[in-house]
Amino acid sequence: MNTVASPVALARFQDAFSRALLAPDAAPDEAIAGLVVQPAFAVYRNTVMKGCIDALQANFPSVARLVGEEWFRAAASVHAATALPTEASLLRYGDTFPGFLAGFAPAAELPYLADVARLDRFWTEAHAAADEEVLDLAAIAAVGPDQLADATLHPHAAARWAWFADAPIYTIWRRNREQSDDASEFEWRGEGALLTRPGDAVRWTALSAAGCRFLDACAKGEPVATALDAALETDAGLNPLPLLSALLETGAFGRLTVPPHELPERISR
Amino acid sequence: MDLTAGLGLKPEHYEQAEACPAAGLWFEVHSENYLVDGGPRLRWLSAIRESHAISLHGVALSLAADAPPDAAHLRRLAALADRIEPALVSEHLAWSTWRGAYHPDLLPFPRTGEALARICSNISIAQDSLRRRIAIENPSHYLRIDTHEWGEIDFLAEIARRTGCGLLLDVNNVFVSAANLGFSAADYLDAFPGAPVLEIHLAGHSRDAALGERLLIDSHDAPVCAEVWALHERLVRRIGARPTLIERDDKLPAFETLLAERDRAHAVLAGSEAIAA
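Chains A and B, in that order, are what the protein sequence lines are. Heads up, the first sequence is in the working numbering, so the first residue is 1 and it goes up one at a time. Heads up, the second sequence is in the working numbering, so the first residue is 270 and it goes up one at a time.
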């Protein structure tokens, strides 16, 4: 092919092309004026937007089921136009989508939507998290009760949890994630959720406010005794043992560390 | 030749893929779908790798952007390559990430001397980081760009000469581009340098009715068409057998349907071997 026009610096071309993809109505830089007038420019516009919207729909299936495909894709296109993926793996696209939904005026009648999106996001994070063995009861049993109080339980790499004080987010999310036909009434109250990945599959379970508080403290590296104190502040009637065994059974923990000075003398020597 | 014709691997077909005993069969995945820290995806891929060769095909390294490839992306890709030990790592002559934003497409650019220098530098960075030779694929074209200083074949040949990289020749992309820009696909393939070609791609395309034109879209949502099969045979007759992939990303049919297409490509390659021998 022969040169029939003077070359444009690559960076300027890419600035102009990127802008023209996302803002079809703006006047294009003259560097690409001859391109945006070609009908074929729409192929790139469509592919970029479709790629973003498809990825958001795949990553937020519960939100999409709640609001319907048409509404979802319209909202996703608004989000994508101002927040393209920041990395090339679309698996993780959408980290700012829950926040976007929280401030999206057409979603004002669905104040729980952003938190449902947060749980979809948790699923993605749990699915792609690093592999780690799950801490089991035997590992706990190997540590004496006194040492356990000073030990730290480290949440598993795939564990994600949150307490939602204002709405039954877990129930709303779960019914949509599981594509359940269950239309029975449920109580409108705060709910928490815990997502784990003990094997290949992501699992989910309801979690109390005290349970969420306990895991928050564990994630900060607090010893078990301190974490339990925090949980008891949230719920004075909490029975720690059933909570701990339920968390272990779900695969919430990956490691347990005991402070060195608490090791039995014969080991530390 | 060990590897003959391969198939693009989709999660829906993991189990059949792993168990499939077809001679010379290999699988290709989009690297970006496996750039995760852990979890089932990597385990599935590693399991299939036990029985079949895998090629890692990237769509997002953005080698034609006027910036070095994203270091974090390259690190993740290198870790994946170390884990999977792929038969080949490939990428496109295109850009997608620009100033921190990923545009999920293979975007065009004017083939200038400036672009050539930048792309060669980026390919060298990628090859050094991955510690392996990569192959670069010719993209599909939709736009007429009148500021090219290089023809595509010369540009690709020069990239291969300067960086030592290989080339991935997508016959369907040539067919689509030829129809959209008005050149002869057969002439293009006849002029393409054979020695650096490490892999061939075959796929289906479609027409975009919404654009109200005779524009062909490289949609990977249909069987390979008769014209592309004929071009593949013509190419293989000239340059010899190369691992050939059937790509399918959308409107996914049954595994057996894809395998039948793959077997057809296998027969073309095996036939050329017989002729050569």
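Treat the hints with care, since some could be wrong.
[As the list claims (entries may be wrong)] Below, computed lysine-lysine pairings styled on DSS-like, alpha-carbon distance capped at 27 Å:
| id | chain 1 | residue 1 | chain 2 | residue 2 |
| --- | --- | --- | --- | --- |
| 1 | B | 520 | B | 279 |
| 2 | B | 520 | A | 220 |
| 3 | B | 279 | A | 50 |
For the record, the hints were derived by calculation from the structure and aren't laboratory data.
Ascending list of hint numbers which this structure does not respect: 2
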